[in-house]
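Student: Sequence:
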Amino acid sequence: MIVEAFHLTRWATAGVATQPEGNVTLVGLKTFYRVGWSVEGFEPGEVDAVDPARMLGHRVEIRPRVQSLTYVFGDGQSSGPTTSMGGTYPKGDVVHAYGAAGRYATRVDVTWTADFRVDGGGWAPIPDQVVVSGPVTEVTVKTAKAVLVN
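To convert, count from 1 in the sequence shown and add 65; that's the working numbering.
Rather than coming from a laboratory, the hints here were simulated on the basis of the structure. Worth double-checking, as some hints may not be accurate.
As the list claims (entries may be wrong) - Keeping only pairs whose Cα atoms sit at most 25 angstroms apart, straight-line, the calculated DMTMM-like set for lysine to aspartate or glutamate is:
(1) 156 - 86
(2) 156 - 174
(3) 156 - 203
(4) 95 - 203
(5) 207 - 158
(6) 95 - 174
(7) 210 - 108
(8) 207 - 140
(9) 207 - 108
(10) 156 - 108
(11) 95 - 180
(12) 210 - 86
(13) 95 - 140
(14) 156 - 180
To be verified - Here are the simulated distance ranges between beta carbons:
(15) 75 - 212: 36 to 42 angstroms
(16) 103 - 185: 15 to 21 angstroms
(17) 190 - 152: 52 to 58 angstroms
(18) 91 - 185: 18 to 24 angstroms
(19) 203 - 146: 41 to 47 angstroms
(20) 104 - 124: 37 to 43 angstroms
(21) 123 - 92: 55 to 61 angstroms
Yeah, the Cβ is synthetic: ideal placement off N, Cα and C, and Gly gets one too.
Hey, can you work out the whole structure from these sequences and the hints?
Tutor: Structure (structure tokens):
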């Protein structure tokens, strides 16, 4: 019953944000990626209280944990699985440079696991996982041309 409740959890989705801002970058330029959680659903550390009627009258709580994230860059390459939430320049550690101009469908796939407790007892791990793909964010990659001016 608890594993079933785990699979019915409304997970927050992981959206992609990039730097440079605006989801526009240049060929060969390091683009920094980071995760932002949706307002809907449960994100890491929040607690979902399962309806006691589904748990034979017991109060069951599920606390989601990110097991791993896989950043999909849309050009056939990805980064992960990792536990990094990414970040901005200069300390962000999820970085990608595109080799060609174009529009790329990027996303983050999150592998969730969770802990549970019954009637306020101690937390225990749920021996299962679920993968949730985040929404697609289009990143536009442009070329730049150097021009000397007086």
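Student: So does residue 123 sit 55 to 61 angstroms from residue 92, Cβ to Cβ?
Tutor: About 57 angstroms separates the Cβ atoms of residue 123 and residue 92, which means 55 to 61 angstroms holds.
Student: When you take the CB atoms of residue 91 and residue 185, is the distance between them in 18 to 24 angstroms?
Tutor: 54 angstroms, violated
Student: Is the straight-line distance between the alpha-carbon of residue 156 and that of residue 108 25 angstroms or less?
Tutor: Status holds; Cα separation ~23 angstroms.
Student: Should the hint that residue 103 and residue 185 are 15 to 21 angstroms apart at their CB atoms be regarded as holding?
Tutor: 28 angstroms, violated
Student: Does the alpha-carbon distance linking residue 95 and residue 174 stay inside the 25 angstroms limit?
Tutor: 21 angstroms, holds
Student: Starting from residue 95, check that the Cα of residue 203 is at most 25 angstroms away, please.
Tutor: Measuring from Cα to Cα gives roughly 17 angstroms; hence the hint holds.
Student: CA of residue 95 to CA of residue 140, is that 25 angstroms or under?
Tutor: At roughly 15 angstroms apart (the allowed maximum being 25 angstroms), residue 140 and residue 95 satisfy the hint.
Student: Please work out if residue 156 and residue 86 have their alpha carbons no farther apart than 25 angstroms.
Tutor: Distance ~16 angstroms between residue 156 and residue 86 Cα, so the pair holds.
Student: Taking the beta carbons of residue 203 and residue 146, is their distance inside 41 to 47 angstroms?
Tutor: At 23 angstroms between Cβs, range violated.
Student: Given the hint that residue 95 pairs with residue 180, test it: the Cα-Cα distance must not exceed 25 angstroms.
Tutor: 37 angstroms, violated
Student: Given the hint that residue 156 pairs with residue 203, does the C-alpha gap stay at or below 25 angstroms?
Tutor: Given pair residue 156, residue 203 holds - Cα atoms ~23 angstroms apart, limit 25 angstroms.
Student: With respect to the beta-carbon atoms only, verify the hint that residue 104 and residue 124 lie 37 to 43 angstroms apart.
Tutor: 25 angstroms, violated
When each numbered hint is compared with the structure, violations occur for hints 7, 9, 11, 14, 15, 16, 17, 18, 19 and 20.
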